[in-house]
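Novice: Below, each chain spelled out in residue letters.
Protein chains: 2
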Amino acid sequence: MIDSRHIEALGQLLGGKGLLTAPADMASYETGARYDKGRAAFVARPASTQEASATVAYCVRNGIALVPQSGNTGLVSGSTPDASGSQGILSLDRLTAVFDLDRVNRTVTAGAGLRLSDVNQRLEQAGLFFPIDLGADPRLGGMIATNTGGSRFLRYGDVRRNTLGLTVVLADEAGTVLELGSGLRKNNTGVDWKQLFIGTSGAFGIVTECVLNLEPLPRQTATAFLVPSSPDRVPDLLVAMEEALGSYLSAFEGMSRNAVSAALAHVPALRNPFQGGHVPDFVILAEICRTSPPRDGEQPLDAVLEEVLAGLWEREDTPLADAFIGPPHEMWALRHGLSEGVKHSGRLIAFDLSFRRGDIMRFLDHMKAEMPRRFENVTICDFGHIGDGGVHFNLVVPADDPRLADAGFEGALRAWVFQIAVEDFGGSYSAEHAIGRKNQVFYDRHTPDEIRRLAAGLKAITSPGPLGSVTF
Amino acid sequence: MIDSRHIEALGQLLGGKGLLTAPADMASYETGARYDKGRAAFVARPASTQEASATVAYCVRNGIALVPQSGNTGLVSGSTPDASGSQGILSLDRLTAVFDLDRVNRTVTAGAGLRLSDVNQRLEQAGLFFPIDLGADPRLGGMIATNTGGSRFLRYGDVRRNTLGLTVVLADEAGTVLELGSGLRKNNTGVDWKQLFIGTSGAFGIVTECVLNLEPLPRQTATAFLVPSSPDRVPDLLVAMEEALGSYLSAFEGMSRNAVSAALAHVPALRNPFQGGHVPDFVILAEICRTSPPRDGEQPLDAVLEEVLAGLWEREDTPLADAFIGPPHEMWALRHGLSEGVKHSGRLIAFDLSFRRGDIMRFLDHMKAEMPRRFENVTICDFGHIGDGGVHFNLVVPADDPRLADAGFEGALRAWVFQIAVEDFGGSYSAEHAIGRKNQVFYDRHTPDEIRRLAAGLKAITSPGPLGSVTF
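Those sequence lines, one after another, are chains A and B.
First residue of the first sequence? That's 1 in the numbering used here, and the numbers climb one at a time after it.
First residue of the second sequence? That's 1 in the numbering used here, and the numbers climb one at a time after it.
Rather than coming from a laboratory, the hints here were simulated on the basis of the structure.
We put the CB at the ideal spot given by N, CA and C, even for glycine.
A portion of the hints provided could be inaccurate.
[Stated by the list, open to error] Partial list, computed: chain A residues near chain B (C-beta under 7 angstroms):
no.	residue
1	Ala97
2	Val98
3	Gly297
4	Ser354
5	Ile461
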């Protein structure tokens, strides 16, 4: 338990709404989006950068560990405290006051506590959006701390690409505030310090405000399901689509039969779009879009897609077995239903991997062959972002499987998958979920000594205080 | 002078072609692209990462300062030694052996000594390019060390956005080699160390190899000159073009009358495209492009541009005074001739500034009013990348102006311009040229103490040896 004088002091810094200590008030902050449940000493909810700075300074001076929490939608135990009850949560959820659209600069300065959906709703009128497309609805600070990618990465890139400035509080005795960039798109006058706080799980500092690049909203969209003639032709299909469509192509998502079948079985709103109801081995959802409004004389986007697919189809060595254009909302509904479907198929053990684009199908093929030999009765329900190399490699174990009672089972499975992904295929064990407490052991295992030494040194000169769920 | 035993030892490490010491051999390495001329103790030309590592290790252990040099096309004295004769040059010009295209991943792994033109020529057959469009023809390592932007930044971003991996040699006693990334587009497993070496003038390590994102080559292009009804309507024009064209828009370049007139006067191949030969106050070169090949049924790109301009023209509050579509190569020839033209108009004092996009025209307006009051007979010949906030703010002084003999004149002019750009307009004193020896004094002046302390700390834990032309 934390000393009551600290609670009193923090309460004075933060005011009534700013500090929670009652178990009922803290429960939702202590519970992660999936799996984890910790215990917090308190939840601090600063409403300004200054309050965040004062809170961090107080905690560092008194050796109180803080875990920053944003939308708490992450999947790697990055935003919840451990079970000790000694860590405080610093929630961003009241950092919502700042919202300053600069129409000409195509940027917004926003509080780190604003939700993605909220930001995009407020931008809609200006015809702009923050172009990170996710199933979850995180707050901005957490998106920055995990460097999320999402389904339109292929066209818009990740959070890193779209972050022009940050305000950050360091975990030092002064709670130093750094103002890093202010909406300039070009500025090469030294170390680009904001990069340090992007994708590092909040261990190097707490983001309180950000300046984000905005993009024109897509105005016209067309989608198709593409069935490759065999899974190993998926890379050819991707190259062919990019060659024919250039930057029209805004998504190229892969879905395995197991994942699609799970979605169709467990998400009632979905309709089976495949001929005779036969779900193919592997399906691609391809999307093309224009960000310009429709104009007379312009070829409709469906026709563009149809022509390109017809061209592919006529090739002697066509990588296509089937292809059909359909309504975008329906096609995306299936894609977005995969996660839900897989969750209801048994106990889900999820991996967020990435590879060079040409290695994904080879990896999946390898795992399909090896899994039954190494772990029986584990179903691979993969889907993901082929266009940017990301794979949500989901494993499903029957809910009543006795192995689930064994604490070592999941760890052994995880270690085995990561070993193959990272060491044999040169991939990443965390494409867009960052590290969190859950991946700490894999950071320790797969990070070269020299990089770990540098990261520890960098932590010591920026935020020496105990901050975040990851030890660098 | 450097001890001859060091020359001998380095010669043994690097072999015959690998070390230059004769004044005639070193002259071109000692001379910058503009202005500066230094004196080198030697020129080391490693042909591999291993040789670069051995060279750096030897120099660090023996206290020999190294200045990395890439294409030596920079404008801020970043790649040349000072006048002391005690610094060695480490040239990247033999690091050209590696060139490994990964077609499916849309990346190339390339030696840092390859020239941009060379890389793009070798990629052309695959329909791809490294999308940084510059007047100069630098080598890759220097592009990374300065984080160049160029004329298509609006569409493709800077070098940072397009760098997926780096191999770097640190200036420590071991000449530690870091392999940072290998072509993954998504990887959030800790600090993204490669960011440290992008845009920091080579002071934190020497880039020997890189993995670059490639983009499909533009297949269709249309360009127009747009004359705003007044310079302060340029932001409206930019917003209107982005609204109508979305991501079709690939360049939005601003050219002042003085810059255009200088080009027309001094570059014989150029034709005056303006009615009656009257060059307007300010002109925009707008480019739109498609990366997909032309298809039947598709509206030609010239027609798209024409329709959009007609729509703008009909608005009651139109920001246009005139607009005409013309052949892209001719329009770009004028744009690319500006630099040459300005150089021949007198003694050029060049600034590479950037602002929030909405602040550029306000800044230019302010300077037009203030310049004659502060510095007489200095002509502003600005042009630049309005679409991304960059301005090549060029000042021309008559070649025979007696003030040019005064060493303090240029410094005072520079300090005054930077003061206004950075402090009053929140801009950057180096948009895409980085720091170099030339901007050291402005780094010291305009960088907050806390950031300077952090940068010095970071330098100490990564590359403590004397490396590069900038002191962080």
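Novice: Hint by hint, note whether the structure agrees.
Specialist: Against the structure, the hints:
1. Ala97: violated (21 angstroms)
2. Val98: Since chain B brings no Cβ nearer than about 17 angstroms to A:Val98, farther than 7 angstroms, the hint is violated.
3. Gly297: Where the cut-off is 7 angstroms and the nearest Cβ of chain B is about 5 angstroms from A:Gly297, the hint holds.
4. Ser354: Since the shortest Cβ distance to chain B is 4 angstroms, the answer is holds.
5. Ile461: Cβ of A:Ile461 sits 4 angstroms from chain B, so the hint holds.
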